[in-house]
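Participant: Below are the chains, spelled out letter by letter.
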Amino acid sequence: MEKPRSWRLGDLAANLQVQLRGDPDYQVVGLHTLREAGPLHVSFLANPRYQEALASTRAGAVLLRPEAAQDFAGNCLITSDPYLAYARASRWFEPVSQAGAGVHATAVVHESVEVPADASIGPMVVVGAGVSLGPGCIVEAGSIIGEECTLGEGCHVFPRVTLYPRCRLGKRVRVHAGAVIGADGFGFAPTRQGWERVSQLGAVDIGDDCDIGANTTIDRGALGDTVLEQGVIVDNQVQIAHNVIIGAHSAIAACVGISGSSRLGKRCVLAGGVGLVGHIELADDVHITGMSMVTKSILKAGSYSSGTALEATRDWKRTAVRLKHLESMQQRIAVLESMMSTTVHEPPA
Amino acid sequence: MEKPRSWRLGDLAANLQVQLRGDPDYQVVGLHTLREAGPLHVSFLANPRYQEALASTRAGAVLLRPEAAQDFAGNCLITSDPYLAYARASRWFEPVSQAGAGVHATAVVHESVEVPADASIGPMVVVGAGVSLGPGCIVEAGSIIGEECTLGEGCHVFPRVTLYPRCRLGKRVRVHAGAVIGADGFGFAPTRQGWERVSQLGAVDIGDDCDIGANTTIDRGALGDTVLEQGVIVDNQVQIAHNVIIGAHSAIAACVGISGSSRLGKRCVLAGGVGLVGHIELADDVHITGMSMVTKSILKAGSYSSGTALEATRDWKRTAVRLKHLESMQQRIAVLESMMSTTVHEPPA
Amino acid sequence: MEKPRSWRLGDLAANLQVQLRGDPDYQVVGLHTLREAGPLHVSFLANPRYQEALASTRAGAVLLRPEAAQDFAGNCLITSDPYLAYARASRWFEPVSQAGAGVHATAVVHESVEVPADASIGPMVVVGAGVSLGPGCIVEAGSIIGEECTLGEGCHVFPRVTLYPRCRLGKRVRVHAGAVIGADGFGFAPTRQGWERVSQLGAVDIGDDCDIGANTTIDRGALGDTVLEQGVIVDNQVQIAHNVIIGAHSAIAACVGISGSSRLGKRCVLAGGVGLVGHIELADDVHITGMSMVTKSILKAGSYSSGTALEATRDWKRTAVRLKHLESMQQRIAVLESMMSTTVHEPPA
Chain A
1246 MEKPRSWRLG DLAANLQVQL RGDPDYQVVG LHTLREAGPL HVSFLANPRY
1296 QEALASTRAG AVLLRPEAAQ DFAGNCLITS DPYLAYARAS RWFEPVSQAG
1346 AGVHATAVVH ESVEVPADAS IGPMVVVGAG VSLGPGCIVE AGSIIGEECT
1396 LGEGCHVFPR VTLYPRCRLG KRVRVHAGAV IGADGFGFAP TRQGWERVSQ
1446 LGAVDIGDDC DIGANTTIDR GALGDTVLEQ GVIVDNQVQI AHNVIIGAHS
1496 AIAACVGISG SSRLGKRCVL AGGVGLVGHI ELADDVHITG MSMVTKSILK
1546 AGSYSSGTAL EATRDWKRTA VRLKHLESMQ QRIAVLESMM STTVHEPPA
Chain B
1246 MEKPRSWRLG DLAANLQVQL RGDPDYQVVG LHTLREAGPL HVSFLANPRY
1296 QEALASTRAG AVLLRPEAAQ DFAGNCLITS DPYLAYARAS RWFEPVSQAG
1346 AGVHATAVVH ESVEVPADAS IGPMVVVGAG VSLGPGCIVE AGSIIGEECT
1396 LGEGCHVFPR VTLYPRCRLG KRVRVHAGAV IGADGFGFAP TRQGWERVSQ
1446 LGAVDIGDDC DIGANTTIDR GALGDTVLEQ GVIVDNQVQI AHNVIIGAHS
1496 AIAACVGISG SSRLGKRCVL AGGVGLVGHI ELADDVHITG MSMVTKSILK
1546 AGSYSSGTAL EATRDWKRTA VRLKHLESMQ QRIAVLESMM STTVHEPPA
Chain C
1246 MEKPRSWRLG DLAANLQVQL RGDPDYQVVG LHTLREAGPL HVSFLANPRY
1296 QEALASTRAG AVLLRPEAAQ DFAGNCLITS DPYLAYARAS RWFEPVSQAG
1346 AGVHATAVVH ESVEVPADAS IGPMVVVGAG VSLGPGCIVE AGSIIGEECT
1396 LGEGCHVFPR VTLYPRCRLG KRVRVHAGAV IGADGFGFAP TRQGWERVSQ
1446 LGAVDIGDDC DIGANTTIDR GALGDTVLEQ GVIVDNQVQI AHNVIIGAHS
1496 AIAACVGISG SSRLGKRCVL AGGVGLVGHI ELADDVHITG MSMVTKSILK
1546 AGSYSSGTAL EATRDWKRTA VRLKHLESMQ QRIAVLESMM STTVHEPPA
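Protein chains in written order, with my numbering: chain A, 1246 to 1594; chain B, 1246 to 1594; chain C, 1246 to 1594.
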């Protein structure tokens, strides 16, 4: 679909498969929040906490649930899932890059590589020997695609990405700037003279429709591969160690670290800053809240947490000290209990 | 000001606006710590813990407070804020890069871009269509400046930085190597088939005099912009999510993660490794100590913390178990209290 | 040693200096785990938890301890340290890059730099004025080597690495993609008008045989240098601040952050996500478990930890609240104790 400069609400409603209540010929040119939208914007109400903003919005139209439509006199785009409708609409308002198909004159593409006619290889890109590029692939400026990597149809590699040799991206995988896919796993054998490096002979295998954030690192396997199954979304600055396996449709928020050989089930959600030790398993549908430390396998779906609540630093220092008194507190209670059992159950002499 | 190869103490004192006690014609060529300085170095005493190093320093001159000058027989540069004077002096001793103005032959600069005569565009740099570069901008090797970005006067972009399209840097902004400004925010709508991506239609707006560390990532907004107000300093490996707003002159130490739509006041300080959940607010002048987790808004200035103190691992394992006994401890105390109220207030039968 | 396409077990055993029990003419072509190995693979048994996989492995030969060899009928490569033997063998099975010696036509190497005949400088590499390259150095695509850096013999710089000016790598140092060595330390003096930057006049000095992970950052010193002694191994996404000193043969796992001027002894091990405040010291042989926060110097070898154990989020919320009751619990125990001393030691009136 070509992206028009403006949209008729009637066309937008038809494309989103939502119900329009209002003027089908009304024209909009963009999306914005309820607070910042003007008459040429479509907005949306998904989170009830923003309900009050609906009354005062200047938006030309609003995506909302049927019950919320009663409170709004303007043009309504009615749907049971306004956030999803907004997500879909957002794709149509995304600016189109001016970079077209073809190989930039400064790119270095090995002679063995066949570049599809509709692929786009940006300036300063390096594509190594034996690389396979699917139709419609975009590789932006400064990215390095190592020897014998495979990129499926419609992959989008943003600027300054590194793929080490022999890694594989499925179809429609997006990899953001600065990400490093396939660097060596952290494997060293201790010796009396120091650390002896273990060559990392595996690779990285990323499934269809995965999304990899900026400056994220996913190490190659020591022997087998590090694997992301289809539809996994990974935020920025995430570290995924060698031989980790992440189940389909899991979501990994920023700054998470997953140690070697750990295995996540399907649809797991790790919030920001979570850490997992190595060699553990998470069942399907396990959610871990932010900055929690996971040191054991979790065999049952559900939400898990660790850490302590924020306090004024003054109070926190006292709490931190008291934690070391837990043992003595337990002992003092036990002494009291034993004394009580004496005084209560045995009559005094 | 041209950088001389050596400095007369008299000139140095005049430029720093500090008081010289000693020989104005004494020549120095560099700065060093009290312990490592030699006769050709200026040193400084700011932190009282280094007081003892003053007695044995070989430094040719020392920046120090009036009261400390009494304990030092050598050349003194006397000021109420020696650390600030050292900061200013350090700028004059910084080596000058040999890279001059002009566009390197290997850079790819879109024909629509006007490069100021005193700007420096390094090797392998890519500057997209519609980019605006202020006077004196330096863009070092391998950096990628996306379409329609704006760089104010005197910006310094170090090597291998990525700016995604339509981001804005104010004046004198410095961005260190590997930083990624304007990658997609982590926005996905859940559906039965998996995650549906939300296009990130906003940008990143960085104020005058901000300093961005190496490999830091600042995501573009979903609808509005992600904003750093003027004078914000950000260390390495920091993650700032979409639509975050950081108040002027805040300081964000390394490895911090700030989740989407959170808003910091002015002069906030987040120590290393701090994490913030999304959609919260911090008042002006809030300080968070290292590795703390912030899960709620903080409406009052002050210092806040979370986490537990370090113990020997053997003891820590016991403490971790005892934490799960807190409920039973409370119950046992309550039982004792109810028994005591029996034995104390009611005479035994 | 040239890498053959296949190995005779007899030759492999001789090169690894292990004992062969089986057919010396048996040919193998690769390494794999016990579970995934086929008849052409060598595997290994180092961790007893994988003992059961030995019975069913299809591996053509297995590296194992003498006692384990009794349980395996196939070809055995017997050694007291199978993991170390595997580490050594892994090096011989590593694929060889097709990049040969020489300077790629697109690299920009300053005329002052002498490139050894056996060195390899990849596409889009930039090497600044006054850089010294040792024999056999490999600098891969897109890396930027700043002015006056020194790389010792046999260094391997992977793609898209940045070395800021005047940093030094010893011999055989490996630096993975996206790493940034020598960016400015985070030094700013507070003033009433905001933060005043302190120029970072030191550099980074990395010893022989160090290994630096992908997207790791090591800042240059403020005055003296940031130092990694020989044989230090550093994983991905690690942040090492200015003037840190790391003792020889220490191991720093992913996502660790070490604040300025802290000093680690020899053979320290920091597990993933650990954070250290600045200006502290760790003795030799200190181990810190994952995600622990180190706020004070540790003067004695041993293992140390902080943090709380993972719980179901529902339970964790209660624990977090109870932690704030520790003070009242202590007071309640004290009251009970004082009452008990009354009732027990003093006869009732």
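Some clues are possibly wrong.
Which copy? The list can't say, so a pair holds if one copy fits it or any two copies do.
Pairs of lysine-lysine, DSSO-like flavour, derived with a Cα cap of 30 Å [unchecked claim]:
# : residue 1 : residue 2
1 : Lys1416   : Lys1511
2 : Lys1545   : Lys1511
3 : Lys1569   : Lys1416
4 : Lys1511   : Lys1562
5 : Lys1541   : Lys1569
6 : Lys1541   : Lys1416
7 : Lys1562   : Lys1545
8 : Lys1562   : Lys1541
9 : Lys1562   : Lys1416
By construction, these hints were calculated from the structure, which means they are not laboratory data.
Participant: Does each hint hold? Answer for all of them.
Facilitator: Evaluated hints:
Proximity of Lys1416 and Lys1511 under a CA criterion of 30 Å is satisfied intra-copy only: 19 Å inside one chain copy versus 44 Å between copies. Taking the shortest Cα distances, Lys1545 and Lys1511 sit within 30 Å of each other inside one copy (12 Å), while across copies they are farther apart (41 Å). Within a single copy, Lys1569 and Lys1416 get their C-alpha atoms no closer than 53 Å, and across copies no closer than 46 Å, so neither meets the 30 Å cut-off. Within a single copy, Lys1511 and Lys1562 get their C-alpha atoms only as close as 40 Å, which misses the 30 Å cut-off; across copies the closest is 26 Å, which meets it.
In this homomeric assembly, Lys1541 and Lys1569 come within 30 Å of each other (Cα to Cα) both inside a single copy, at 24 Å, and across copies, at 16 Å. For the homomeric pair Lys1541 and Lys1416, neither the shortest alpha-carbon distance inside one copy (33 Å) nor that between copies (39 Å) is at most 30 Å. When the C-alpha separation of Lys1562 and Lys1545 is checked against a cutoff of 30 Å, the pair qualifies only between copies, where the shortest distance is 19 Å, while the shortest distance within a copy is 35 Å. Taking the shortest alpha-carbon separations for Lys1562 and Lys1541, both the intra-copy value of 29 Å and the inter-copy value of 14 Å come in at or below 30 Å.
Taking the shortest Cα distances, Lys1562 and Lys1416 never come within 30 Å of each other, neither inside one copy (51 Å) nor across copies (41 Å).
Hints 3, 6, 9, counting from the list given before, are not met by this structure.
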